[in-house]
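Asks: Single-letter residue listing:
Protein chains: 2
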Amino acid sequence: MSSFSFELVYQSKKSRARVGRISTPHGIIDTPNFVAVGTNAAIKAVDATTLDEVGLQLVFCNTYHLLVQPGSKIIEDAGGLHRFMNRQGPIITDSGGFQIFSLLYGGVTEELKSKGGSKREGMVVKLSEEGALFRSYKDGAKILLTPESSMRAQKALGADLIVAFDELPPYHFTPSQLEASLARTHRWEKRSLDEHSKDPRGQALYAVVHGGIDKLMRKKSADYLRELNFEGYAVGGSLGKNRDEMIEMLSYLMPHLPQDKPNHLLGIADLPSLDALIHLGIDTFDSSYPTKAARHGLLFTFDGDVRIMNAKNRSCYEPIEEGCDCFTCKNHTRAYLHHLFKAHELLAYTLTSIHNLRFMVRKMAHFRSQILRDEI
Amino acid sequence: MSSFSFELVYQSKKSRARVGRISTPHGIIDTPNFVAVGTNAAIKAVDATTLDEVGLQLVFCNTYHLLVQPGSKIIEDAGGLHRFMNRQGPIITDSGGFQIFSLLYGGVTEELKSKGGSKREGMVVKLSEEGALFRSYKDGAKILLTPESSMRAQKALGADLIVAFDELPPYHFTPSQLEASLARTHRWEKRSLDEHSKDPRGQALYAVVHGGIDKLMRKKSADYLRELNFEGYAVGGSLGKNRDEMIEMLSYLMPHLPQDKPNHLLGIADLPSLDALIHLGIDTFDSSYPTKAARHGLLFTFDGDVRIMNAKNRSCYEPIEEGCDCFTCKNHTRAYLHHLFKAHELLAYTLTSIHNLRFMVRKMAHFRSQILRDEI
Numbered sequence: 001m002s003s004f005s006f007e008l009v010y011q012s013k014k015s016r017a018r019v020g021r022i023s024t025p026h027g028i029i030d031t032p033n034f035v036a037v038g039t040n041a042a043i044k045a046v047d048a049t050t051l052d053e054v055g056l057q058l059v060f061c062n063t064y065h066l067l068v069q070p071g072s073k074i075i076e077d078a079g080g081l082h083r084f085m086n087r088q089g090p091i092i093t094d095s096g097g098f099q100i101f102s103l104l105y106g107g108v109t110e111e112l113k114s115k116g117g118s119k120r121e122g123m124v125v126k127l128s129e130e131g132a133l134f135r136s137y138k139d140g141a142k143i144l145l146t147p148e149s150s151m152r153a154q155k156a157l158g159a160d161l162i163v164a165f166d167e168l169p170p171y172h173f174t175p176s177q178l179e180a181s182l183a184r185t186h187r188w189e190k191r192s193l194d195e196h197s198k199d200p201r202g203q204a205l206y207a208v209v210h211g212g213i214d215k216l217m218r219k220k221s222a223d224y225l226r227e228l229n230f231e232g233y234a235v236g237g238s239l240g241k242n243r244d245e246m247i248e249m250l251s252y253l254m255p256h257l258p259q260d261k262p263n264h265l266l267g268i269a270d271l272p273s274l275d276a277l278i279h280l281g282i283d284t285f286d287s288s289y290p291t292k293a294a295r296h297g298l299l300f301t302f303d304g305d306v307r308i309m310n311a312k313n314r315s316c317y318e319p320i321e322e323g324c325d326c327f328t329c330k331n332h333t334r335a336y337l338h339h340l341f342k343a344h345e346l347l348a349y350t351l352t353s354i355h356n357l358r359f360m361v362r363k364m365a366h367f368r369s370q371i372l373r374d375e376i
Numbered sequence: 001m002s003s004f005s006f007e008l009v010y011q012s013k014k015s016r017a018r019v020g021r022i023s024t025p026h027g028i029i030d031t032p033n034f035v036a037v038g039t040n041a042a043i044k045a046v047d048a049t050t051l052d053e054v055g056l057q058l059v060f061c062n063t064y065h066l067l068v069q070p071g072s073k074i075i076e077d078a079g080g081l082h083r084f085m086n087r088q089g090p091i092i093t094d095s096g097g098f099q100i101f102s103l104l105y106g107g108v109t110e111e112l113k114s115k116g117g118s119k120r121e122g123m124v125v126k127l128s129e130e131g132a133l134f135r136s137y138k139d140g141a142k143i144l145l146t147p148e149s150s151m152r153a154q155k156a157l158g159a160d161l162i163v164a165f166d167e168l169p170p171y172h173f174t175p176s177q178l179e180a181s182l183a184r185t186h187r188w189e190k191r192s193l194d195e196h197s198k199d200p201r202g203q204a205l206y207a208v209v210h211g212g213i214d215k216l217m218r219k220k221s222a223d224y225l226r227e228l229n230f231e232g233y234a235v236g237g238s239l240g241k242n243r244d245e246m247i248e249m250l251s252y253l254m255p256h257l258p259q260d261k262p263n264h265l266l267g268i269a270d271l272p273s274l275d276a277l278i279h280l281g282i283d284t285f286d287s288s289y290p291t292k293a294a295r296h297g298l299l300f301t302f303d304g305d306v307r308i309m310n311a312k313n314r315s316c317y318e319p320i321e322e323g324c325d326c327f328t329c330k331n332h333t334r335a336y337l338h339h340l341f342k343a344h345e346l347l348a349y350t351l352t353s354i355h356n357l358r359f360m361v362r363k364m365a366h367f368r369s370q371i372l373r374d375e376i
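So the protein lines, in turn, are chains A and B. Per the working numbering: the first sequence = residues 1 to 376. Per the working numbering: the second sequence = residues 1 to 376.
Read the hints as simulated data drawn from the structure, not as lab findings. Please note that a few of the clues may not be correct.
A pair holds if it fits inside one copy or across any two, identical chains being indistinguishable in the list.
[To be verified] Result set (PhoX-like, lysine-lysine): computed pairs, CA atoms no more than 20 Å apart in a straight line: (1) Lys142 / Lys73; (2) Lys342 / Lys138; (3) Lys126 / Lys138; (4) Lys13 / Lys330; (5) Lys220 / Lys312.
Please build the complete structure, drawing on both the sequences and the hints.
Replies: Below, the structure is given as structure tokens:
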């Protein structure tokens, strides 16, 4: 079992972009790379063996969801998340904080639409310096999530990469609220690191840089967390109310993150964002968007998106993308996929998810080769 | 491309059961065998390539559904059903009659519950000697299904085995109504054979023996259809209001079917029925039950059914069935499948369907070896 390390393979002469290699106990992650989201210990409609064939090097599972169903003990008793879901390659879990605070405050989109998270506030029973007490959406049981219990849960799950427990401040926080939230997040991340250090088990702990949409607080967060010497650095929380604001914030922030550690961007990997951000030197990007888009019939190609439900695909006997080497493109036509969607066949979701995931693998390999040629 | 033939491999000394081999342009079907139902040119949640791995030798597609979506022209232009769904092995299609008359009369279960098919009668616009005019449930377009148009549709689809157009008489028919229905079914089947014979295309046409729950009419049907010299003989329509009545009817009827031709039982392949009927010499059985059961978490094993949602499977780290060689049993535990069902993950349906289909393949192989040893 090899331990965690991050190796710089090539630094672009043109930008901050770099090609790297993260080593974990379950294998290598070539960077920059895409991280598929398998919230419930399963990528929706795709088996773990298929993920290997697709070439996906890192899968993201959500601690909050797994605590609620099936509970960390079931997975620990199975021998950990890898054995539970039969995943051979690397896995990353988050702290559970994101979901808790999404429940409490709602997401930024909902906030901007003034929907807030009020109707779900009852799910979070108590928020204090210790952590957050919430109710399971499954059976109403109370679950306490603290930096320490999040670390213990993530150790029970046994992912290769784990994430410090943080508070996700809502977009609408005032500067003083944001400052208080950031201070508490830092205390929680320090407690996460202390708990983790007692029993590292070969897992690598990532910090989460916060500070909302305030550049100085973002820098302050990066500076503080750098000193604590985590093994990786993720960027979390709201980065603005649209893509342009996000790009501006990350262009400012990324140079303040440790360059000798892998950098991760939480929850963002749509194609326009990737194209806009890849030069900043971010190493890994996770998102459920490629599989969600697939289940809605939106398929990715190097020539732009294909809407499989478009009438012209009804009688198109070509693959989704000429030259794609995925299982779906090698075996099936757009006409068949169009039919499967029309007929509401579950098989549609599996086949299109495989294509979009393989596209992401090919897209990231393409980015790496561009970086190696100083084209990015 | 080999043509259709049926070869007797072994006749049991103990019963009418026999081991046989049906040759088709797309390969061999060892008999007796189970036929999986892929109504919309897809087994629900399972890709055609996976079916090959499972060892399924024959797949049943429904002409009625395919006429409505995507329409026979789309499939013909794809190069036929095999290329459309990427199925290498043999396929059988039905005539469309069953669904039309199920819409008109309702199924036997609904009839016995006095629900009839009245609410759906509007779907069948006109029933006459020529055939049945019905409305597409998709877009309301009128579609005329006659013996000739059913044959032409099935030739466009291009399955290896096709089925004559018949009327499905409802359970409540009076003897005189049943007799009139049988006479018309026979005229329709003769017209099907005449249309088929103009352009056989290497397809084998199966007759459907009718006569409802009247033994003499069943015999009359078998005698009449035998003379027309179809390439296979299926048993269709209501065989009674419960399994015992069905077994009694088939015990009486099967000896009247041609023994030198393959015999098929339409729509029945649940395990108790198979165990009760296998000695009668029926060669193929189709049913959607194994995949439907799988999607409801009812899993087959040689030691009896497993209800995966049962609480004891929550922490059972064993495969569904010890010794099963299916993909699911080789890679996943009951605990994981239990979790996937609880989390409503689509992957659950794929994995359990694979197991139940593989079980059916193993079960039928077991029957064949029992017949070869004169144990059945």
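Asks: Does each hint fit the structure? Answer for all of them.
Replies: Structure-based check of all given hints:
no.	hint	result
1	Lys142 / Lys73	within (16 Å within a copy, 58 Å between copies)
2	Lys342 / Lys138	between (32 Å within a copy, 10 Å between copies)
3	Lys126 / Lys138	within (18 Å within a copy, 51 Å between copies)
4	Lys13 / Lys330	neither (37 Å within a copy, 48 Å between copies)
5	Lys220 / Lys312	neither (53 Å within a copy, 51 Å between copies)
This entry does not satisfy hints 4, 5, going by the numbered hints stated previously.
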